[in-house]
Amino acid sequence: MQAFEYDSDWTELGVYPVKTENDIVRVRQMARQYAKNFRMGIVEQTRITTAVSELLRNMYQYANGGEVTINQGYVEEHNALIFTFEDQGPGIENLDLAMSDGYTSGGGMGYGLPGAKRLVDSFEIRTETNTGTLIRLMKWK
Amino acid sequence: MEDKLDLKNVKQRINHIEEVLSSVAAGDLDVRVDSTVEDDLTGIEEAINILIEDLTYELKQSINMQNDLQEKLKKIQDQQKTIVQQQEDLMELSSPVSKVWDNILILPVIGTLDSQRTQIMMENLLQKIVDTGCTMAILDITGVPTVDTQVANHLLKTVTSARLLGADCIISGISPAIAQTIVHLGIDLSIIRTKATLQDAMIYAMKQNKKSDALITSNLDEIEEREE
Amino acid sequence: MDHFQEKKIPIIKIGSYLIVSIQVDMHDKLALQLQSQILEEIEKTGAKGVLIDISVLEMVDSFIGRMLSGMASMASIMDAAVVIVGMQPAVAITLVELGLEMPGVDTALNMERGMELLERRMASINDD
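Protein chains in written order, with this note's numbering: chain A, 1 to 141; chain B, 1 to 228; chain C, 1 to 128.
Only chain A is shown next, with the shape it has when bound in the complex (with noise of 0.2 Å):
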């Protein structure tokens, strides 16, 4: 599974490790701060939280844990803050039906991909069975 492209220009503001329950709530908490600091409003803020926080329960359930890494930097003309979600997890095997509103492959209703998806400005994901899975947010301001 290839890595995604880093702009060398971009800054890296942190790279935090989910291990624990008590990481998820860390790690959004730091994603919001991020937000707050990048000026975003309120609402846009609320967004990248929640997207945030629903790949990193993914990542916690299905992945045992994983690693995230938040940048700063422009992308085709936008000032953007950009999530890296990595883990060696099992992967996704049907990633289109993933994609889909309403599947789940273990517990809970889904919503997690798409919805998270629907919250951000750009969505990539890259996975394979058994390796792992990639996924990258980014929020322009």
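Just to be clear, a hint being listed does not mean it is correct.
Short, incomplete list of chain C residues facing chain A, as computed with Cβ under 10 Å [stated by the list, open to error]: (1) S16; (2) V20; (3) H27; (4) L30; (5) Q37; (6) E40; (7) E41; (8) E43; (9) G46; (10) M59; (11) F63; (12) T94; (13) E97; (14) L100.
Quick caveat, the hints were computed from the structure, so don't treat them as lab data.
For each residue, glycine too, the CB sits at the ideal point set by N, CA and C.
Assemble chains B and C onto chain A, guided by the hints.
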């Protein structure tokens, strides 16, 4: 009369000219051809120096021009920013929410509804609901020329969000043409309370007000009776 | 170490209603714990209504959203009405975009309105 070409030094001098020219080609405009002797080659040497001089001047001009352009570009970008800001301000102005009666807000929507505008409209309305504590909001769409699937979805989203806060929305001002389009497009607005005119919506909202007041009073009466 | 674990969200009983005010960003276990805590309290006190104040919550994701709507269905089976009180506009917009419209869950702008709603519920039940 010019001196004849001094053949002894000619090779050296040509090498020097070559060096100077390649320096200029590399971007160094401070070098000049030094000529100590006056002979047939001197004319060429001087001509080269003048050329370098001209080149330096032209380059300076073009740098100045570039700076000028950059400044102008920055000005234009700033103006663009102001325009965008003004557009946003206008949009906010174009969706005024006002409290018209006890517990009732009205949002008259005029003009075309696009995503961005609905977004601002929705945020304004929800904030106003929280600020005023009104639990009933009338969205009057008399001034909206057409309703397509996207607009209908935006309206639905607004109504659903308001409901999550604890407020009910009524959509009024649905013209026959809009009613026809909505049904033809197969949009389901059944979960939204719709009224033909603003007046109908107003009457409905005021009746709801009375109803809830009456229910609370009757309930309190009952409790009092039971206690007696 | 796990300082979140220590916190228990208080449930206050007033008349025949329970009042719960969520003041912390809950992790999933705490949310589930709160759910069973409220249900137990309904059983113990015979409460007819529960007001859950979420006005401090800056974010409700699908997990907490489902916990809240599940809570309402479960309480209703136990003959108690649940009202979610004080959701922030940004949270409401995000929930709808997430696809969680929470149909069937009663909501109110503030505690007072929530109380009124419960009173109305009681009145209409008494009318039957």
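Hints, verified against the model:
1. S16: 32 Å, violated
2. V20: 19 Å, violated
3. H27: Where the cut-off is 10 Å and the nearest Cβ of chain A is about 4 Å from C:H27, the hint holds.
4. L30: 8 Å, holds
5. Q37: Nearest chain A Cβ about 17 Å off; hint violated.
6. E40: 22 Å, violated
7. E41: At 24 Å from the nearest chain A Cβ, C:E41 fails the 10 Å test, so the hint is violated.
8. E43: 25 Å, violated
9. G46: With Cβ-Cβ at 31 Å, over 10 Å, it is violated.
10. M59: C:M59 check passes; min Cβ-Cβ to chain A is 5 Å, inside 10 Å.
11. F63: The hint holds - C:F63 has a Cβ within 10 Å of chain A, the shortest such distance being about 6 Å.
12. T94: C:T94 check passes; min Cβ-Cβ to chain A is 5 Å, inside 10 Å.
13. E97: C:E97 check passes; min Cβ-Cβ to chain A is 5 Å, inside 10 Å.
14. L100: 7 Å, holds
Violation of the numbered hints given earlier is confined to hints 1, 2, 5, 6, 7, 8, 9; the remaining hints are satisfied by the structure.
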